[in-house]
Amino acid sequence: MPDTGNLFVYHRLRRQYYLDSVALMRLSQQLTAAEDVSDAALMMATPANIEIMQNAGLLEANVDASPSDLVMAVAATTSDAADNALKLAETLLDAPSSSRAGKASGEQPVRSIRQAVALSPDANFALISVPGEFAAAEAGKAIRNGMNVMVFSDNVSVDEELALKQEARELGCLVMGPDCGTAIIAGVPLAFANRVNRGSVGVVGASGTGIQEVTCLLDRAGVGISHAIGVGGRDLSAQIGGISTLQALDLLDADDATESLVLISKPPAAQVRDLVLQRVAASKKPAVVCFIGDDGSAADAVGQIQMVSTLEAAANAVTRSYKGSLDASTSAAVDTSGEPTPGATASNSQRRFIRGLYCGGTLCAEAQVILGAHAGLLSNASIPGVEQLDTAADTINRGADLPAAHCLLDLGADEFTRGKPHPMIEPAIRDAAIEQSMSDDTTAVVLLDCVLGYGSHIDPAASIIRVLEKFPRPDGKAVPHIVASVTGTENDPQDFAAQVAALLEYGVQVCESNAAAVRRAQILAGLG
Amino acid sequence: MSLNDNKNGKTDPIARSGAAPLKPAASLLNVAPHIVNVGVPGFAEELASQGVSVVQLDWRPPAGGARLAKILSIVGT
Amino acid sequence: MTSEIPSSVTTPKTDDIAAQVTAANKLAVERMLAAEPVLVDVVNAQEAIPELAEGRKILHAGPPIDWSRMCGPMRGAIAGIAVFEGWAGSLADAENMAAAGEFEFHPNHHFNAVGPMTGMTTRSQPLMVVENRKFGNRAFCAINEGLGKVMRFGGNDESVLKRLAWLRDVAGPLMQQALRGSDGVDVKNVIARGLTMGDEMHQRNVACSGLLLRELSPHLARVSKDADQLAELLAFMGGNDQFFLNVGMATGKSIMDPVRDIPMSTIVTAMSRNGTDFGIRVSSLGDRWFTAAVEMPQGLYFPGFTEKDANPDMGDSTIVETIGLGGFAMGASPAVAGFVGAGAASDAGNYTRSMLDICFSENPEWSIPGLDYQGVPTGIDIRRVVDAGVAPVINTGIAHREPGIGQVGAGIVRAPMDCFTDALEAFALQLGI
Numbered sequence: 003m004p005d006t007g008n009l010f011v012y013h014r015l016r017r018q019y020y021l022d023s024v025a026l027m028r029l030s031q032q033l034t035a036a037e038d039v040s041d042a043a044l045m046m047a048t049p050a051n052i053e054i055m056q057n058a059g060l061l062e063a064n065v066d067a068s069p070s071d072l073v074m075a076v077a078a079t080t081s082d083a084a085d086n087a088l089k090l091a092e093t094l095l096d097a098p099s100s101s102r103a104g105k106a107s108g109e110q111p112v113r114s115i116r117q118a119v120a121l122s123p124d125a126n127f128a129l130i131s132v133p134g135e136f137a138a139a140e141a142g143k144a145i146r147n148g149m150n151v152m153v154f155s156d157n158v159s160v161d162e163e164l165a166l167k168q169e170a171r172e173l174g175c176l177v178m179g180p181d182c183g184t185a186i187i188a189g190v191p192l193a194f195a196n197r198v199n200r201g202s203v204g205v206v207g208a209s210g211t212g213i214q215e216v217t218c219l220l221d222r223a224g225v226g227i228s229h230a231i232g233v234g235g236r237d238l239s240a241q242i243g244g245i246s247t248l249q250a251l252d253l254l255d256a257d258d259a260t261e262s263l264v265l266i267s268k269p270p271a272a273q274v275r276d277l278v279l280q281r282v283a284a285s286k287k288p289a290v291v292c293f294i295g296d297d298g299s300a301a302d303a304v305g306q307i308q309m310v311s312t313l314e315a316a317a318n319a320v321t322r323s324y325k326g327s328l329d330a331s332t333s334a335a336v337d338t339s340g341e342p343t344p345g346a347t348a349s350n351s352q353r354r355f356i357r358g359l360y361c362g363g364t365l366c367a368e369a370q371v372i373l374g375a376h377a378g379l380l381s382n383a384s385i386p387g388v389e390q391l392d393t394a395a396d397t398i399n400r401g402a403d404l405p406a407a408h409c410l411l412d413l414g415a416d417e418f419t420r421g422k423p424h425p426m427i428e429p430a431i432r433d434a435a436i437e438q439s440m441s442d443d444t445t446a447v448v449l450l451d452c453v454l455g456y457g458s459h460i461d462p463a464a465s466i467i468r469v470l471e472k473f474p475r476p477d478g479k480a481v482p483h484i485v486a487s488v489t490g491t492e493n494d495p496q497d498f499a500a501q502v503a504a505l506l507e508y509g510v511q512v513c514e515s516n517a518a519a520v521r522r523a524q525i526l527a528g529l530g
Numbered sequence: 358m359s360l361n362d363n364k365n366g367k368t369d370p371i372a373r374s375g376a377a378p379l380k381p382a383a384s385l386l387n388v389a390p391h392i393v394n395v396g397v398p399g400f401a402e403e404l405a406s407q408g409v410s411v412v413q414l415d416w417r418p419p420a421g422g423a424r425l426a427k428i429l430s431i432v433g434t
Numbered sequence: 327m328t329s330e331i332p333s334s335v336t337t338p339k340t341d342d343i344a345a346q347v348t349a350a351n352k353l354a355v356e357r358m359l360a361a362e363p364v365l366v367d368v369v370n371a372q373e374a375i376p377e378l379a380e381g382r383k384i385l386h387a388g389p390p391i392d393w394s395r396m397c398g399p400m401r402g403a404i405a406g407i408a409v410f411e412g413w414a415g416s417l418a419d420a421e422n423m424a425a426a427g428e429f430e431f432h433p434n435h436h437f438n439a440v441g442p443m444t445g446m447t448t449r450s451q452p453l454m455v456v457e458n459r460k461f462g463n464r465a466f467c468a469i470n471e472g473l474g475k476v477m478r479f480g481g482n483d484e485s486v487l488k489r490l491a492w493l494r495d496v497a498g499p500l501m502q503q504a505l506r507g508s509d510g511v512d513v514k515n516v517i518a519r520g521l522t523m524g525d526e527m528h529q530r531n532v533a534c535s536g537l538l539l540r541e542l543s544p545h546l547a548r549v550s551k552d553a554d555q556l557a558e559l560l561a562f563m564g565g566n567d568q569f570f571l572n573v574g575m576a577t578g579k580s581i582m583d584p585v586r587d588i589p590m591s592t593i594v595t596a597m598s599r600n601g602t603d604f605g606i607r608v609s610s611l612g613d614r615w616f617t618a619a620v621e622m623p624q625g626l627y628f629p630g631f632t633e634k635d636a637n638p639d640m641g642d643s644t645i646v647e648t649i650g651l652g653g654f655a656m657g658a659s660p661a662v663a664g665f666v667g668a669g670a671a672s673d674a675g676n677y678t679r680s681m682l683d684i685c686f687s688e689n690p691e692w693s694i695p696g697l698d699y700q701g702v703p704t705g706i707d708i709r710r711v712v713d714a715g716v717a718p719v720i721n722t723g724i725a726h727r728e729p730g731i732g733q734v735g736a737g738i739v740r741a742p743m744d745c746f747t748d749a750l751e752a753f754a755l756q757l758g759i
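Protein chains in written order, with the numbering used here: chain U, 3 to 530; chain A, 358 to 434; chain Z, 327 to 759.
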């Protein structure tokens, strides 16, 4: 009988349970390390092992065990400690053995989200860009593994989106998307996002280029971003009901790093609009809401909310609240000199129309808001009040002239990108459209965007310039004016200053925002 | 802070920590994302180049195509 | 006990099908892990399987198949076993009788049995008995014949039949007496130790064969009345690195049979091939086999042979992969990775890790030291196979396509994905999806 002194010596058996001795020794060490445990051993109950444990003072004389049983024995200074150690032993035995013994090296391809989480227990965020028909399934796996998700993929059905977001909400996860192109989380730009300075403005956006334009304009004005949370273009629809937007607002409201809120979206469904505005108004943090084209006149009392109708106005409203006023000279690289002559082209030619050729869908929408008052505006991605142009893709593919009207085209829309990369990834797919509009003698101004940042083409200006090289310098007479804005920051992977300089060199009038570019185009087309 | 507040468990951080584990969204903005990239490898490359922790999945569509994918969405994995 | 219990078809009561499937699979894997397989006996086949006493029944490996579709080695084995059983006077007679429909062919799996390669099981062969003491069921497998010219590779000449007779008349009875005089051999324990000694239990059974010999030797010595016979049997067992394979297979069958017919479970309960078709069975899908054309193993060939000589994959031995061994435990056996042409020894673990992705769980008792004590992947879930697009990996011997020549190499083969997509479709149909 071993002298147990003041120790509490307990044991348990696990019948018909085999582990090899090396694995058992590792477990024994873990038990011995526990508080108030003086010794512990897990061994197969062979006669030799029983004797060893008895000699170590870990077992009473008689143990009813067979060699295929596992015996767990501990000696501890308190009864509780001995009990707890045995419980720990059971827990460790029941744990998956890989977690019991550390993770594998993971040198092979990882084939599933489950496996990725097993190999990298820190993984907490899934970025999903698989084909749309499979995207919801992958996102579902991610949330069930306790991850937040950004779904870049489009072509996910509304039903799938709703089911996914409802399940995520129950699980306490956020689903950004589907069709979410842009986010910045804790300083990390995801998918199509710009390298902006960190600050205290929290952005929620249902639109990728909308988030990019606003965050870049703020960055240029010296105002930083805490987080920018994309929610996907359909989140504020009646079917989805703003599930992710409301979650994102909750998160930013509770986030210490966020001091003010910006919400960017196309005009939402009416009942969703009310719900979201109520949530924004409930926050103590000042907020700017940009439902593009909706100036808030129809809104109920919305407290501290500033309603604006363009991306630029949203950025300006935030900047004013931080800086007290707007500093007009923040963007040295952009040409703001030389006020254009109003109607410079209108008097002497048939050049009357603005042809906006956009990579960014929300930038195209913003342009429609600003130009909207002018009759005869057409768009393939029309906002309310603008006439829909369904034939644009067909027209351009045939090499034919656009209708004799102001046309603002979203070249990232489905009808242009079927089987092709998005023009932000491969701006060259816009080349033909630019060339055609420049050759069309009814075009007064070609209006372009140039979107920089992660995910985007590394030199989007180059493709514009490739077309311009075929024409004389734009003068509004022989060749239409070219007006562009560059959405980006000095810290983006592309060289912002070089992009602007390259465009200026070829006679492009580069404005500091998309809205400014549209206004300049208006003046140049004699619409001032 | 009064003792009553503590008893209600509303403001006592220790009482809170004994509750259910943090929901994933609650920590979204507080910790740098550790990302699993499912799809376009370029996204993972850009994240890795910024020093962000990212695992690229070797994803492929389920065997049997969309019909089987639909079944899997119901029966789970 | 018969395996031919009709499956109970149930329809889900709630909308949460995924949760029900997961719960059913959890139960399935719990049954696998709770199994207590013990090698308890060697008995004559018609005692083990009374149906074999009537008619000329030949049990074979794999899903059901007619004579007309059987591959060369399978036909060779059938001819040989028919002569062995005294049903035919010559191999040629036997083939004529087979073609004339004078033999009944059934899968081993339909009679709680398994057999390697051709998997011949007939009335007078001695069968090893593994009893799953947790659930009370028994599974049977013939005694491994050794390497070279053997019936499991379609061999059927005089030497092959002579060895079968010796197994029947000498080895079987001695092993029977030895086992009956012991408490049986705890196979789970032997496999656990074998994994730490470099076996994966399909193409490498060196350690387990040695451990089994060590367990059986004292009992054999105690019951033997003839030192020469004893020496012959010990030499036979000790000289056959694959002796344990058949024990492992019966163990696999004894573990998987209690997992059958769990409503809503998508766990694979058997994988098997007959040299023409590969078949799987799934717990909630009853007795149905989901089959597809069997694939050719990719592997290494013994000197003098090439892939032109190879027969497509064959045998019930994939039951060991079904319980997480063989290709699934490749990480335990870097030596096998080299033998079967699976790449560098250091790559062996990748096979095991990739199988984790298609399995429901892992087995904490069967762990692999070289993979940081990773448990072998356990419970093949057809949902995950289809979702990952990754088919189970199988370590296999390669038989010569002509009967009677034997093993010509070893390699790796994948279970055909169609078996799993078809099974998942059937599962969905059963649920009304």
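Check each hint, because a few of them may be wrong.
[What the hints assert, rightly or not] Listed below are the simulated BS3-like cross-link pairs for lysine-lysine, each with C-alpha atoms no more than 27 angstroms apart in a straight line:
1) Lys-422/U / Lys-472/U
2) Lys-89/U / Lys-634/Z
3) Lys-475/Z / Lys-383/Z
4) Lys-287/U / Lys-325/U
5) Lys-89/U / Lys-460/Z
6) Lys-383/Z / Lys-380/A
7) Lys-352/Z / Lys-475/Z
8) Lys-383/Z / Lys-488/Z
9) Lys-352/Z / Lys-427/A
10) Lys-427/A / Lys-286/U
11) Lys-460/Z / Lys-352/Z
12) Lys-475/Z / Lys-460/Z
13) Lys-488/Z / Lys-551/Z
14) Lys-479/U / Lys-422/U
15) Lys-427/A / Lys-287/U
The hints are simulated quantities; they were obtained by calculation from the structure and are not laboratory data.
Evaluated hints:
no. : hint                  : result
1   : Lys-422/U / Lys-472/U : 25 angstroms, holds
2   : Lys-89/U / Lys-634/Z  : 58 angstroms, violated
3   : Lys-475/Z / Lys-383/Z : 24 angstroms, holds
4   : Lys-287/U / Lys-325/U : 17 angstroms, holds
5   : Lys-89/U / Lys-460/Z  : 25 angstroms, holds
6   : Lys-383/Z / Lys-380/A : 61 angstroms, violated
7   : Lys-352/Z / Lys-475/Z : 43 angstroms, violated
8   : Lys-383/Z / Lys-488/Z : 21 angstroms, holds
9   : Lys-352/Z / Lys-427/A : 23 angstroms, holds
10  : Lys-427/A / Lys-286/U : 44 angstroms, violated
11  : Lys-460/Z / Lys-352/Z : 17 angstroms, holds
12  : Lys-475/Z / Lys-460/Z : 38 angstroms, violated
13  : Lys-488/Z / Lys-551/Z : 22 angstroms, holds
14  : Lys-479/U / Lys-422/U : 34 angstroms, violated
15  : Lys-427/A / Lys-287/U : 43 angstroms, violated
Of the numbered hints stated above, those contradicted by the structure are hints 2, 6, 7, 10, 12, 14, 15, listed in ascending order.
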